[in-house]
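Chemist: Chains A and B supply the protein sequences, listed in that same order. Counting from 1 along the first sequence, just add 19 to a position and that's the residue number in the working numbering. Counting from 1 along the second sequence, just add 19 to a position and that's the residue number in the working numbering.
Every clue listed holds true.
One copy or two, either will do: identical chains are not told apart, so a pair holds if it fits within one copy or between any two.
Derived DMTMM-like pairs (lysine to aspartate or glutamate); straight-line CA-CA distance at most 25 Å:
| hint | residue 1 | residue 2 |
| --- | --- | --- |
| 1 | K155 | E266 |
| 2 | K483 | E562 |
| 3 | K718 | E311 |
| 4 | K559 | D548 |
| 5 | K70 | D225 |
| 6 | K480 | E556 |
| 7 | K162 | E288 |
| 8 | K559 | E547 |
| 9 | K480 | E611 |
| 10 | K483 | E547 |
| 11 | K480 | D617 |
| 12 | K70 | D419 |
| 13 | K532 | E562 |
| 14 | K480 | E558 |
| 15 | K121 | D245 |
| 16 | K480 | D566 |
| 17 | K121 | D250 |
I should point out that these hints are in silico values taken from the structure, not numbers from a laboratory.
2 protein chains.
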Amino acid sequence: MSWLLTESAFNPKTAKAYEGLFTQGSGYLHVRGSLEEHLSDCPQNIDRLRKPTNVTAERFPETKSKWGTYVPGIYGPHPLLNWELINLPWFLGIALYVDGEKLDMELGCIRDYKRELCLRTATLTRGLTWCTKSGKTLKIFFKRFASAARPQLFIQRVRVIPLQDTTIVVHSGIDADVRTNGHNHFRSVDFSRTGNNSLCCTVLTDGNDTVWIETCLLADGAISWDWQRDDRRAELETKVEIQAGAEFVLEKRSAVCTTRDLTNVTCREILDAAFQHTYEELHAEHCAVWEERWNRSDVQIEGDDTSQLAMRCAIYHLLRAHVPNDPRVAIDAKGYAGEAYFGRFFWDTEMYLLPFYLYTDPERARTLVGFRIRTLPGAKETAASYGYGGAKYPWEADRDGHDSCPNWQYADHEIHVTADVVYGFAHYAAATGEESFLTTECAEAIVETARYWLQRIDWRKGEKHPSILGVMGPDEYSPITNNNSYTNRMVKFALSLAAQVGPHAGASSEECKQFLHVAELLPIPRREDGLVLQCEEFEKLAEPRFDELWIDRSLPFAAQVSQERLYRSKCLKQADVLMMMMLFPKDFTEWEIQAAWDYYLPYTTHDSSLSAGVHAIIACRLGLREQAWEFWKKTCGLDLDLRQGGAAEGIHIANAGASWQVAIFGFAGMASALESDILTLRPDLPDSWTQLSFPIVWKGHQVRIDITREQCSVTNCSDRLLKFAVWDERGFAKPGETVKIPLRNHNPY
Amino acid sequence: MSWLLTESAFNPKTAKAYEGLFTQGSGYLHVRGSLEEHLSDCPQNIDRLRKPTNVTAERFPETKSKWGTYVPGIYGPHPLLNWELINLPWFLGIALYVDGEKLDMELGCIRDYKRELCLRTATLTRGLTWCTKSGKTLKIFFKRFASAARPQLFIQRVRVIPLQDTTIVVHSGIDADVRTNGHNHFRSVDFSRTGNNSLCCTVLTDGNDTVWIETCLLADGAISWDWQRDDRRAELETKVEIQAGAEFVLEKRSAVCTTRDLTNVTCREILDAAFQHTYEELHAEHCAVWEERWNRSDVQIEGDDTSQLAMRCAIYHLLRAHVPNDPRVAIDAKGYAGEAYFGRFFWDTEMYLLPFYLYTDPERARTLVGFRIRTLPGAKETAASYGYGGAKYPWEADRDGHDSCPNWQYADHEIHVTADVVYGFAHYAAATGEESFLTTECAEAIVETARYWLQRIDWRKGEKHPSILGVMGPDEYSPITNNNSYTNRMVKFALSLAAQVGPHAGASSEECKQFLHVAELLPIPRREDGLVLQCEEFEKLAEPRFDELWIDRSLPFAAQVSQERLYRSKCLKQADVLMMMMLFPKDFTEWEIQAAWDYYLPYTTHDSSLSAGVHAIIACRLGLREQAWEFWKKTCGLDLDLRQGGAAEGIHIANAGASWQVAIFGFAGMASALESDILTLRPDLPDSWTQLSFPIVWKGHQVRIDITREQCSVTNCSDRLLKFAVWDERGFAKPGETVKIPLRNHNPY
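Isolated chain A (complex conformation) (with noise of 0.2 Å):
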């Protein structure tokens, strides 16, 4: 099936990496995984100071659980790392009590346990045998999901059969005495009984927003439920006989809204509203959701279930990260899943997550554009706050644009996101065809941005030519540095666009010329003998002499070398030239391509988790089979691996929508629309796939693709004519036709 995300025993040990992983959401909510009962000792309102801190070495509180309840949108401010994405209260508590034993998954006695996510149906479930201190023996199932049909709905469902007549205490409430990076984001808490069985949660954020959550119990045979509340937590209480051989059915719906809403509707009339349906019905429009958005995005891999599980589960999150129709978020650099990038927004967006949604749901690539244009403003006034005109990007996004990072090297250096934003819209005009878009709704913020470039810039003494100084490329490593390749061809890119688009918002001919005189001159610095260097003084850095100091490979350099060791060394935290030559091919012959891969591998840590995918595609166009192949294992495994930590701290979304770039752009060889005119297709399997197929989005065009060794199929599923070229062989295909192109001469290799 390859659906199926599967947890075959409980671990305390590997339980926050599931958490992270099996994070369910609706674009508005998000939900981890945590279990419905709890763990022991795992408090959630443990209060602790985050520090500013390098995030790749930084080490997180060693707890078996961490509850993540989020609404992106919903932020508040922290004492020392500004304004985050709160961790709201925490609503799919249920707890078991069998004749005063408390369902536990490690001091209970449990059998036959299987967790599964199934991707297909963004649905969770768990079933176990649970032998209670008394004698009893229960089994139990648990099923969630978080409604795609109904973004603000939240569905529980728990069946219980005993094999022994048995009496069964239900706890379930909400509990709002969590944190968030161990801080207190509330002002007020307050709890309301709105019925019987349902109860309601009111918060106050330090971010001004309040937020309702109403929960409502529904349980076979329970007559009337108590409750119990103090300042943080309030909860309803039942107990229900239940014969031997009988199901138990207990249903918990839960709705949020807050006052950032983009509708009026309450928590009651979503209940209301889910009410008229059984929990079969709501179930059933959920998946019919997510079939039609599998429809749009499934890569289907033969021959290799586990990369098809792989592959799935980054699209499944890219899906659930997500947040349709609302421009004002983008997705965090967490997927949603965790805390450690503070929901933050950062150059992932344009440069990891776009590409999937622009060929695979335009529309939904375009709230991500969109949160750009809106948050406009923001990086104006962050250019401001440099002393500079024009509009200067943050790092890290909050939700109104400006930079939230606390770390002066990054907020300051790494400005190349700045001219990421600009590729971004050239991507998204490119690749739906819209290029309108670029003279309209983009013109300002190309515009403002190139101002930006303009002051930017210096003008050395002696030199004729200007330079970008003082930055820190996407190698995090080196985090001052003059011309930086990556930086000074993004910029070349965003000034030519500005130039062009510049008439549009009000930029004079004189204006666009300067644009246009600087992305001409700006310099891609070269070693004599032609290498393209990262950065001018790339060659004068220390060797990193990995030998002697990365002792333990399974952990980053990072860990295990001092940053003043690594900012002085040649060591690449990630792809850097590699990542410009696989945005801008067509600028690099295939011996530059090679020579920087042959220069820049031995120094790269890939301690960055953007790493490997780039590495990934530059393998596949170089032909380099076994290294695309090592590269895919490590990019579309990242979050998989449990003993790594995997999502612990939260989905790497970025890293997510590499892995589907990496089959798309690596191994099907497609040209992104900024590349080419047409779809084109270089496919190149690994060799133990025997077909990729996947739906594709090209300039309005609905295209099938299927590979095989053989042949690669284009499906022109659209009502106009389509051309496109396989290797180096140009075809077309009508409406609804599907063309066959023999591959056994393409490849190259």
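Mind docking chain B on chain A? Use the hints.
Modeler: Quick look at chain B alone, frame taken from chain A:
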């Protein structure tokens, strides 16, 4: 007289600057010059979280007054900024009430106000006439001193002479409701009444030290004292009737003890001993100690009272801030007169402070170098924390020699301090003539730091010399540079010394060879025309564009541009190449020094208080008389310039040391004992100075120097023959002899 620092009118805007400037201390104990009765609307118990930031551009809370009571060595942990010197309870408070009105400098009607710090006697006096709202007139005189003879004792006296019969109410006690940089460091505060007129405050700090402060009040005609207390404050209260024209005298004697004391005496014992003496006797013994200090160190300037007073102000604070006979602490960056730099120890110790003590009172110098020897274990741990062997002295040393610097760019990269410490050892040995000091007490520190350097260097591909990469030199506006000249030169010095000293500390001859080898090969980068470069890449930095960006020259450049611009530009915070040339004058020709002056001066912001003094000395050496004079004024006037805040956040104690150095190494042109074996002077006085006289200890010789425009007199106060040189003329002085060298022919300018 030029011994009196005078505040001739009270102004709340400059009150904080005077508090710093009027700090009194005994070495053991330091108290800022706050008013006895305090000011209104100026609470001292405001909590705030001071964050890690760049002190140059940091803004401190605007408050009229900041109490400061410091015992060197009493430190506690700050939640973000590591260990800091704790501001202890304020025990100098005395409030006077007449007819319900409290004496208040702002709210009351005050005439004939004058406050004076007598530098000669380290005694602070205040006189005023108070016209109460009820129509009474009182003449009031305050006097206070931190006893130099009994360093744990503080004595205050108030004399009140009313013109009418007056009832005066006195409140006086101890206020422990204070903060350090907004943080509460007291785990517990207890008060006990130890007698009719005395009380004791016991504080347990979060650094696990206990501090006792006991205070005793003596008042003419006060029969009994009431006391009142709350959790954090306690005070005694009495009421006295004074006849018109009679004098009421109140004395407050306070003693301080801590669990870190080297002696076991108690506050009560200190007070009991003091009560064997009258106020006059105690003051006389205090003045006698200061007279002895001044005899060793006074620098007399004739013809320029402003310079004279500023020079003595600097020396006063140098004498005050030093903790005698206690190598467990050195002198912190604010001279125990403020909290800005957290009471930590910087390279200032060796480069800016040590010379004054070395050449006036070598025993005091010994406790400073002793601090580095004592904290060698901390330096070893610091090296290990970065992954190196050997010892790395911290940029901001706490009392145990661990790095407390909360900003990584300094802590990680400003590594020259480790070599500076060794330079300090060598300077001590050379100036005192105790060469064996290096091969005994210092040997381990010299060798361990050399071992650190051997691991800290890099051998870059294709180069035949080692490099020190990724460093910040003295100029803190270039954070991560390669082969900083200052750093490399200092390391060459330290390694050469290690090669000599090594065998005395167990270094193998192979190891010593390596020390020497690296010392010889470390480069001092130069431009093609011979200009000494601050670092390899200096010329690749951006032009700083001061004309355009440095709008308000009365504020630091750093306050007007972003840090990232500082970090990519040629702007210098302070002397860097010139600092090296000041310390190693024989390495460079006059042409080279002049070229460096011409090149770097236009780029230098002097944002650091460490800059002007070095420039003054170099200007003296280059015969740039006008510039020497300007930089001298800037140096000696820094803490006296109330418009720029002066000493509000503490004394710029390194600059005080630099002031002494400008007079001695600059205008008197004395060569340091590391440059010259014999006492060498190249005097060239500023135009307005008719005479410059000072005592010097030169390799155990007591010497007195008197310089006029016509001649330089050298008086040998020792019992051995003294060889010396004045400009090019060599001479010698027998014991007791004064030798006069005419100057007219010597001055080459």
